[in-house]
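J.: Line by line, the protein sequences are chains A and B.
Here the first sequence is numbered in this note's numbering, starting from 3 and rising by one per residue.
Here the second sequence is numbered in this note's numbering, starting from 20 and rising by one per residue.
Keep in mind the hints are simulated off the structure, nothing from the lab.
Check each hint, because a few of them may be wrong.
Here's a subset of chain A near chain B, in silico, CB distances under 8 Å, partners left out [what the hints assert, rightly or not]:
1) Val55
2) Arg59
3) Glu60
4) His62
5) Glu64
6) Val65
7) Gly66
8) Ala68
For lysine to aspartate or glutamate, the following DMTMM-like pairs were computed, each having C-alpha atoms within a straight-line distance of at most 25 Å [as the list claims (entries may be wrong)]:
9) A/Lys94 with A/Glu28
10) B/Lys131 with B/Asp91
11) A/Lys51 with A/Glu28
12) B/Lys131 with B/Asp62
13) A/Lys94 with B/Asp91
14) A/Lys51 with A/Asp72
15) A/Lys79 with A/Glu28
16) A/Lys94 with A/Glu64
17) A/Lys51 with B/Asp62
18) A/Lys94 with B/Asp54
19) A/Lys94 with B/Asp62
20) B/Lys90 with A/Glu64
21) A/Lys79 with A/Glu130
22) B/Lys146 with B/Glu35
23) B/Lys131 with B/Glu152
Source: prediction; values computed, not measured.
All C-beta atoms, glycine included, are put in the ideal place defined by N, C-alpha and C.
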Amino acid sequence: RPGGCMARAEPPAASFERRVLRSAAEHHYLRVRLELPDGVARPTVAQFKQLVVSALRELHGEVGAALPVDVLTYEEKTLSAILRVISSGLVKLWSALTLLGFYQNRRCAFRVLQTSPFLLALAGNSRELVL
Amino acid sequence: MVRFKNRYVLCEVVSEDPRCRQCIEDRAVGLAIRDAIGRVHGDYGLACCSISFTVKYLNAYTGTVLLRCRKDSYRLLCSALPFIRQLESRNQRYPCALNTLHVGGTIRTCQKFLIQYNRRQLLMLLKNCASEEERRCVQKSLLSCSLTEEQPQSGDEEDDGSTE
Chain A
3 RPGGCMARAE PPAASFERRV LRSAAEHHYL RVRLELPDGV ARPTVAQFKQ LVVSALRELH
63 GEVGAALPVD VLTYEEKTLS AILRVISSGL VKLWSALTLL GFYQNRRCAF RVLQTSPFLL
123 ALAGNSRELV L
Chain B
20 MVRFKNRYVL CEVVSEDPRC RQCIEDRAVG LAIRDAIGRV HGDYGLACCS ISFTVKYLNA
80 YTGTVLLRCR KDSYRLLCSA LPFIRQLESR NQRYPCALNT LHVGGTIRTC QKFLIQYNRR
140 QLLMLLKNCA SEEERRCVQK SLLSCSLTEE QPQSGDEEDD GSTE
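Construct the complete structure from the given sequences, taking the supplied hints into account.
T.: Dropping the structure here:
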């Protein structure tokens with residue numbers, strides 16, 4: 003406002019720009035753990051991927067089985083893995099993992115521990131924080 | 020106003036084996052389609068498409084099939100139709116393929132399309148006639164399908180395609 007006001011040092015108006023990106027990430031990452039009863043031979047990484055693809059094929063057919071899913075890491079001791087899937091296929095993959103019931107005719111279950119569009123976010127898990 | 024919208028898919032059964040025509044019945048076609056959807060889209064796709072799925076109309080002489088499904092899942096149905104390779108009925112299976120001719124929102128639009136399509140097909144048949152005998156047969160059957168005077172509604176009666 004010209005003149006008239008009390009002298010007040012105003013910094014030059016900073017121009018800023020806000021960008022909001024919705025669902026812009028290409029891939030989603032899931033940390034999952036497979037729960038198996040005792041006495042079942044633990045699957046190797048190839049068998050694990052085969053299990054994931056067969057779950058997708060059962061629920062979503064050939065189209066679902068063709069979804070590009072990658073197993074980034076796999077630990078045979080704890081049966082936990084990090085999966086990567088294209089963002090548009092997250093719902094299909096998660097629902098297929100939820101509804102998978104059997105591995106080699108034994109009951110099994112997939113627990114999804116963390117999910118994020120950024121891989122780095124899977125590094126820290128506040129649920130496992132020991133206070 | 021909220022209502023359930025349907026899509027009507029008009030397809031044609033194409034087969035090299037002439038005995039396939041006796042296999043074209045609503046149960047056989049319905050089972051073949053459900054089976055194909057189950058293979059391609061899994062349990063979820065099968066359940067989605069089966070909500071309001073029926074074979075509405077079937078013509079074994081021309082191999083025309085009219086299917087109905089929900090508007091939300093007609094894309095799943097249409098994408099699974101090319102994966103049908105055979106029709107099975109009474110323990111006999113014949114290889115065939117399904118061509119999609121038209122997708123409409125009502126039976127009436129599909130009927131309008133089918134009438135125009137059949138007219139064009141008849142003209143093509145006439146053009147491709149091999150012998151004079153066939154030509155005379157086709158012309159006779161074309162001239163013989165006409166409305167009788169007693170029909171109260173002046174609707175477009177479908178020209179059922181020429182006989183085998």
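J.: CA of B/Lys131 to CA of B/Asp91, is that 25 Å or under?
T.: Given that 25 Å is the threshold and the Cα spacing comes to 24 Å, the pair holds.
J.: Are the Cα positions of A/Lys94 and A/Glu28 separated by 25 Å at most?
T.: 15 Å, holds
J.: Given a cut of 8 Å on the nearest C-beta pair, is the interface hint for A/Ala68 held or broken against chain B?
T.: This hint is violated: A/Ala68 lies away from chain B, its Cβ roughly 10 Å from the closest one there, beyond 8 Å.
J.: Holds or violated: is the Cβ of A/Val55 closer than 8 Å to a Cβ in chain B?
T.: It is violated, given that the least Cβ distance between A/Val55 and chain B is near 12 Å, above 8 Å.
J.: Under 8 Å, Cβ to Cβ, is where A/Gly66 needs to be relative to chain B, so tell me if that hint holds or is violated.
T.: 6 Å, holds
J.: Regarding the pair A/Lys51 and B/Asp62, is the alpha-carbon distance no greater than 25 Å?
T.: 20 Å, holds
J.: Verify the proposed pairing of A/Lys94 with B/Asp91, using a straight-line Cα cut of 25 Å.
T.: 17 Å, holds
J.: Quick one, are A/Lys94 and B/Asp62 close enough, alpha carbons at most 25 Å?
T.: Holds. A/Lys94 to B/Asp62 sits at ~12 Å (cutoff 25 Å).
J.: Taking the closest Cβ pair, is A/Glu64 under 8 Å from chain B?
T.: 5 Å, holds
J.: Does the nearest C-beta of chain B fall within a distance shorter than 8 Å of the C-beta of A/Arg59?
T.: 7 Å, holds
J.: Does the structure keep A/Lys94 and A/Glu64 at a Cα separation of 25 Å or less?
T.: 12 Å, holds
J.: Quick one, are A/Lys51 and A/Glu28 close enough, alpha carbons at most 25 Å?
T.: 21 Å, holds
Hints 1, 8, 12, 15 and 23 from the earlier list are contradicted by this structure; the remaining hints agree with it.
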